[in-house]
Amino acid sequence: DTGVSQNPRHKITKRGQNVTFRCDPISEHNRLYWYRQTLGQGPEFLTYFQNEAQLEKSRLLSDRFSAERPKGSFSTLEIQRTEQGDSAMYLCASSFESQGGNTIYFGEGSWLTVV
Amino acid sequence: AQSVTQLGSHVSVSEGALVLLRCNYSSSVPPYLFWYVQYPNQGLQLLLKYTTGATLVKGINGFEAEFKKSETSFHLTKPSAHMSDAAEYFCAVSPDTGRRALTFGSGTRLQVQP
Chain A
4 DTGVSQNPRH
14 KITKRGQNVT
24 FRCDPISEHN
34 RLYWYRQTLG
44 QGPEFLTYFQ
54 NEAQLEKSRL
64 LSDRFSAERP
74 KGSFSTLEIQ
84 RTEQGDSAMY
94 LCASSFESQG
104 GNTIYFGEGS
114 WLTVV
Chain B
29 AQSVTQLGSH
39 VSVSEGALVL
49 LRCNYSSSVP
59 PYLFWYVQYP
69 NQGLQLLLKY
79 TTGATLVKGI
89 NGFEAEFKKS
99 ETSFHLTKPS
109 AHMSDAAEYF
119 CAVSPDTGRR
129 ALTFGSGTRL
139 QVQP
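Top to bottom, those sequences are chains A and B. If you're matching positions, the first sequence starts at 4 in my numbering and goes up one per residue. If you're matching positions, the second sequence starts at 29 in my numbering and goes up one per residue.
If you're looking for bench data, these hints aren't it; they were derived computationally from the structure. Glycine residues also receive a C-beta, built at the ideal position from the N, C-alpha and C atoms. Check before you lean on any hint, since a few could be wrong.
Straight-line alpha carbon distances no greater than 25 Å define the calculated SDA-like cross-link-like pairs of lysine to any residue that follow [claimed, not checked]:
1) Lys60(A) / Val41(B)
2) Lys60(A) / Glu92(B)
3) Lys17(A) / Gln70(B)
Far from chain B, some chain A residues (derived; all Cβ distances over 10 Å) [to be verified]:
4) Glu71
5) Glu111
6) Val118
Given these sequences and hints, build the entire structure.
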């Protein structure tokens, strides 16, 4: 059973460029979450999917951010026109939603540095 | 609305000493509570969780936590610290319904002195 896989693990980009991160959740997990974590802080919720439907977006997710999960499996998070304030670790997580609750499993994160 | 407060951004203990990391939460609905550990440059690993039932929850690596509803607390303990326990620890809460996304505290960095 492989865990949540994210790539690339590290990305350095120039301000104004677009970047895309990919997340492959644990097989058969129907929920997928994106979080952002900056140094010294806990992860902050960005958005989540139930299968292919994006059900909620945080106010942290500006118009420059877009997330997709086209077939209810892997997901991508794209950041357009990156800004220095976007520098953070982007964490993907997945879970299997069931009546008895769910456990959310995290990937190892994708570090973004905007220079 | 939910929130988590972790008291003490840094905790230092000696190897073999008791570890106590504090977490208080607020939640308008019955909460699920979690502790995650994060090692440098890595993602988060689940230590333990409380959903329903027994309020004393045992997790991996000898950690345990007790849900105290009257105190809105979910403190993490370990009887004897090991050098390998040095990491960042995050307490998190989610509602028992709906999106169930986690709301995290700001974390506590645990240092273990030899």
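Outcome of the hint check:
{"no.": "1", "hint": "Lys60(A) / Val41(B)", "result": "40 Å, violated"}
{"no.": "2", "hint": "Lys60(A) / Glu92(B)", "result": "33 Å, violated"}
{"no.": "3", "hint": "Lys17(A) / Gln70(B)", "result": "24 Å, holds"}
{"no.": "4", "hint": "Glu71", "result": "18 Å, holds"}
{"no.": "5", "hint": "Glu111", "result": "4 Å, violated"}
{"no.": "6", "hint": "Val118", "result": "19 Å, holds"}
In the structure shown, a violation is registered for the earlier hints numbered 1, 2 and 5, in ascending order.
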